[in-house]
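Here are the chains, one letter per residue:
Number of protein chains: 2
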Amino acid sequence: MKTKKLINDPKVIIEEMLEGIVAAHPKHVRQVEGAPRAVVALNGPRKGKVGLVIGGGSGHEPTFVGFVGKGLADACPIGNVFASPPPDPIYECAKAASGGAGVLFMYGNYAGDVMNFDMAAEMAGMDEIEVRTVLTTDDIASAPLDQKEKRRGVAGNFFIFKIAGAACDTMKPLDECERLARKANAHTYTMGVCLSPCSLPQTQKYSFELGPDEMEIGMGIHGEPGVAKGPIQTADAVTDAIMDKILGEMKPNKGDKVAVLVNSLGATPLMELYLLNRRVKQRLDQVGVSIHQTWVGNYCTSLEMAGASITLLHLDDELTGLLDHPCDCAMFRAG
Amino acid sequence: MKTKKLINDPKVIIEEMLEGIVAAHPKHVRQVEGAPRAVVALNGPRKGKVGLVIGGGSGHEPTFVGFVGKGLADACPIGNVFASPPPDPIYECAKAASGGAGVLFMYGNYAGDVMNFDMAAEMAGMDEIEVRTVLTTDDIASAPLDQKEKRRGVAGNFFIFKIAGAACDTMKPLDECERLARKANAHTYTMGVCLSPCSLPQTQKYSFELGPDEMEIGMGIHGEPGVAKGPIQTADAVTDAIMDKILGEMKPNKGDKVAVLVNSLGATPLMELYLLNRRVKQRLDQVGVSIHQTWVGNYCTSLEMAGASITLLHLDDELTGLLDHPCDCAMFRAG
Numbered sequence: 001m002k003t004k005k006l007i008n009d010p011k012v013i014i015e016e017m018l019e020g021i022v023a024a025h026p027k028h029v030r031q032v033e034g035a036p037r038a039v040v041a042l043n044g045p046r047k048g049k050v051g052l053v054i055g056g057g058s059g060h061e062p063t064f065v066g067f068v069g070k071g072l073a074d075a076c077p078i079g080n081v082f083a084s085p086p087p088d089p090i091y092e093c094a095k096a097a098s099g100g101a102g103v104l105f106m107y108g109n110y111a112g113d114v115m116n117f118d119m120a121a122e123m124a125g126m127d128e129i130e131v132r133t134v135l136t137t138d139d140i141a142s143a144p145l146d147q148k149e150k151r152r153g154v155a156g157n158f159f160i161f162k163i164a165g166a167a168c169d170t171m172k173p174l175d176e177c178e179r180l181a182r183k184a185n186a187h188t189y190t191m192g193v194c195l196s197p198c199s200l201p202q203t204q205k206y207s208f209e210l211g212p213d214e215m216e217i218g219m220g221i222h223g224e225p226g227v228a229k230g231p232i233q234t235a236d237a238v239t240d241a242i243m244d245k246i247l248g249e250m251k252p253n254k255g256d257k258v259a260v261l262v263n264s265l266g267a268t269p270l271m272e273l274y275l276l277n278r279r280v281k282q283r284l285d286q287v288g289v290s291i292h293q294t295w296v297g298n299y300c301t302s303l304e305m306a307g308a309s310i311t312l313l314h315l316d317d318e319l320t321g322l323l324d325h326p327c328d329c330a331m332f333r334a335g
Numbered sequence: 001m002k003t004k005k006l007i008n009d010p011k012v013i014i015e016e017m018l019e020g021i022v023a024a025h026p027k028h029v030r031q032v033e034g035a036p037r038a039v040v041a042l043n044g045p046r047k048g049k050v051g052l053v054i055g056g057g058s059g060h061e062p063t064f065v066g067f068v069g070k071g072l073a074d075a076c077p078i079g080n081v082f083a084s085p086p087p088d089p090i091y092e093c094a095k096a097a098s099g100g101a102g103v104l105f106m107y108g109n110y111a112g113d114v115m116n117f118d119m120a121a122e123m124a125g126m127d128e129i130e131v132r133t134v135l136t137t138d139d140i141a142s143a144p145l146d147q148k149e150k151r152r153g154v155a156g157n158f159f160i161f162k163i164a165g166a167a168c169d170t171m172k173p174l175d176e177c178e179r180l181a182r183k184a185n186a187h188t189y190t191m192g193v194c195l196s197p198c199s200l201p202q203t204q205k206y207s208f209e210l211g212p213d214e215m216e217i218g219m220g221i222h223g224e225p226g227v228a229k230g231p232i233q234t235a236d237a238v239t240d241a242i243m244d245k246i247l248g249e250m251k252p253n254k255g256d257k258v259a260v261l262v263n264s265l266g267a268t269p270l271m272e273l274y275l276l277n278r279r280v281k282q283r284l285d286q287v288g289v290s291i292h293q294t295w296v297g298n299y300c301t302s303l304e305m306a307g308a309s310i311t312l313l314h315l316d317d318e319l320t321g322l323l324d325h326p327c328d329c330a331m332f333r334a335g
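Chains P and F, in that order, are what the protein sequence lines are. With the UniProt record's numbering applied, the first sequence corresponds to residues 1 to 335, in that order. With the UniProt record's numbering applied, the second sequence corresponds to residues 1 to 335, in that order.
FYI, nobody ran anything at the bench for these hints, they're computed from the structure. For clarity, every value in this text was computed on a predicted model and none was experimentally measured. One should not assume that every hint holds.
No copy labels: a pair is met if it fits in one copy or bridges any two.
Computed cross-link-like contacts, DSS-like style, restricted to lysine-lysine with a CA-CA straight-line distance of at most 30 Å [claimed, not checked]: (1) K27 to K254; (2) K27 to K281; (3) K11 to K150; (4) K27 to K245.
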């Protein structure tokens with residue numbers, strides 16, 4: 001039996017989705033001329049500004065395409081569902097985002113994305129566009145601390161891209177934008193829990209199995225194996241398991257400040273996310289860490305997957321200033 | 001087998017959710033003193049302003065509680081999942097929202113809500129707070145056109161509350177706020193489609209059944225029966241069925257303007273919503289109706305129900321001005 005979806009022909013689902021996105025957000029984004037699978041911010045790129053290109057597979061909306069707009073990302077190549085975009089639209093994004101001051105490529109650390117973005121960076125280099133790459137690796141469940149470079153990028157992308165976008169928007173030079181993007185990534189910690197899988201539009205079959213009373217902590221946003229599979233636990237127990245890991249690695253001092261993101265993987269409703277957030281706040285209170293700002297909702301999804309993730313961004317004054325910088329994107333506003 | 005949820009004790013789920021909401025949005029809302037199941041906007045109510053109280057059952061978040069904030073609703077009583085709040089917290093909201101110029105009660109047209117809000121209005125009247133009530137009835141599938149007063153309020157609440165909130169925020173008198181709220185309701189048309197049901201936290205069982213390849217057009221946000229149950233259709237066919245009904249009733253003239261809301265009932269991802277929006281735009285283009293602004297996402301949900309709704313707000317200059325008025329709420333910002 002096929003899973004239920006409101007779709008037309010799956011072969012053109014990305015093209016149709018993009019048509020729907022541009023129809024909804026004509027003041028924020030347009031498709032790049034000659035590269036319909038690349039989107040550029042109407043008010044983003046400008047002379048002297050470092051361009052920010054983010055991207056990856058589709059199916060995680062509003063990540064990535066929803067974060068294109070003034071103050072955040074300048075352009076975004078669009079891949080198939082859960083698959084990297086090829087080099088051409090990435091290269092077109094580099095050109096569309098370039099203001100002569102260099103371009104930053106930022107995306108989650110997945111082999112396919114690395115290969116394609118690196119090829120596009122080479123192509124841009126031949127046009128004298130200097131490209132720097134910062135991979136996001138915020139998923140602390142995806143590899144041990146001593147192999148941090150192997151970790152995947154997940155919902156923490158939201159904070160990392162936001163900081164980098166603010167650095168670019170405030171006209172900092174390329175070196176400084178790269179440094180701040182790396183710093184934001186180093187300060188961002190995410191861990192998720194999956195309750196039930198999603199299905200690709202092409203197959204309409206679940207891509208992995210979880211037992212009827214099972215959950216998996218640490219599962220990746222494409223169903224990559226997590227760190228603990230077992231019977232479903234309470235919202236508090238799940239939050240504690242995640243917060244133990246995050247706080248254990250972040251090692252905050254009393255008086256430190258964080259930003260919080262409680263994210264739905266798709267089907268998990270706000271009611272459940274706010275239960276998780278309640279416990280996040282209790283845990284932070286216990287260790288004397290204050291919350292600068294909290295976001296709760298669908299920020300990095302996996303189609304209709306059920307589950308959630310918790311992200312903390314460990315703030316200092318520099319990161320706080322950039323986090324508070326305004327942005328106005330197709331699917332997100334701040335400041 | 002129970003459905004999977006990230007919850008603690010279902011008996012205190014509303015209290016815990018509210019604790020999580022206030023923890024996430026301390027600059028926007030606080031619980032009313034002595035009435036923990038009532039939320040008031042920090043910067044909303046003020047002397048001389050008509051107060052706006054919206055509310056209903058939980059489980060539809062961000063409707064209703066997420067729309068509390070400056071420029072939109074002043075206060076919101078919180079019911080159990082899919083159940084009206086009792087009179088007491090509604091009455092406390094009337095007091096908290098009152099600025100001496102009267103209070104507007106606005107909520108979806110459901111028998112339980114009508115009974116409880118009416119009792120609260122009487123209680124407020126004894127305190128010399130003048131209350132006017134405007135029911136939302138935007139669900140065009142829920143009763144025939146000649147029995148419009150029997151229709152239910154669904155996702156179009158978003159537009160109707162937004163217009164009323166702007167009328168109140170711009171310090172219009174009670175008569176005028178009521179007139180504009182009624183006008184917004186009369187100009188708002190919603191119809192939905194359901195693909196799979198949700199389950200209450202208390203039972204963790206699905207509250208109705210749909211076949212494995214079935215959908216139901218016109219179903220209500222609590223699983224109320226719709227107008228057509230049948231095999232699942234394409235995104236375009238579903239959108240056409242809904243748009244035929246909406247445009248047939250709205251009867252726009254060429255050159256008219258609308259606002260569009262494509263809303264997920266919970267589990268349906270943005271990718272599918274943007275496919276629906278693509279077809280909405282095509283249909284509006286065909287009849288020469290232009291789109292003032294479009295919102296796509298989770299605005300009025302039914303926990304983890306899969307499905308979507310489409311709402312059109314038929315604009316004129318007066319409604320457009322109020323729709324564009326800024327607001328800054330716990331879970332929504334505009335302008």
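Same-copy or cross-copy closeness of K27 to K281 [CA-CA at most 30 Å]: Between. Shortest inter-copy distance 15 Å satisfies the 30 Å Cα cut-off; intra-copy 36 Å does not.
Homomeric proximity label, K27 with K254: Cα distance no greater than 30 Å: between (43 Å within a copy, 23 Å between copies)
Status of K245 relative to K27 across identical chains (alpha carbons, at most 30 Å): Between copies only: 29 Å across, 41 Å inside.
30 Å Cα threshold - placement of K150 relative to K11: neither (32 Å within a copy, 43 Å between copies)
Consistency note: the structure conflicts with earlier hint 3 alone.
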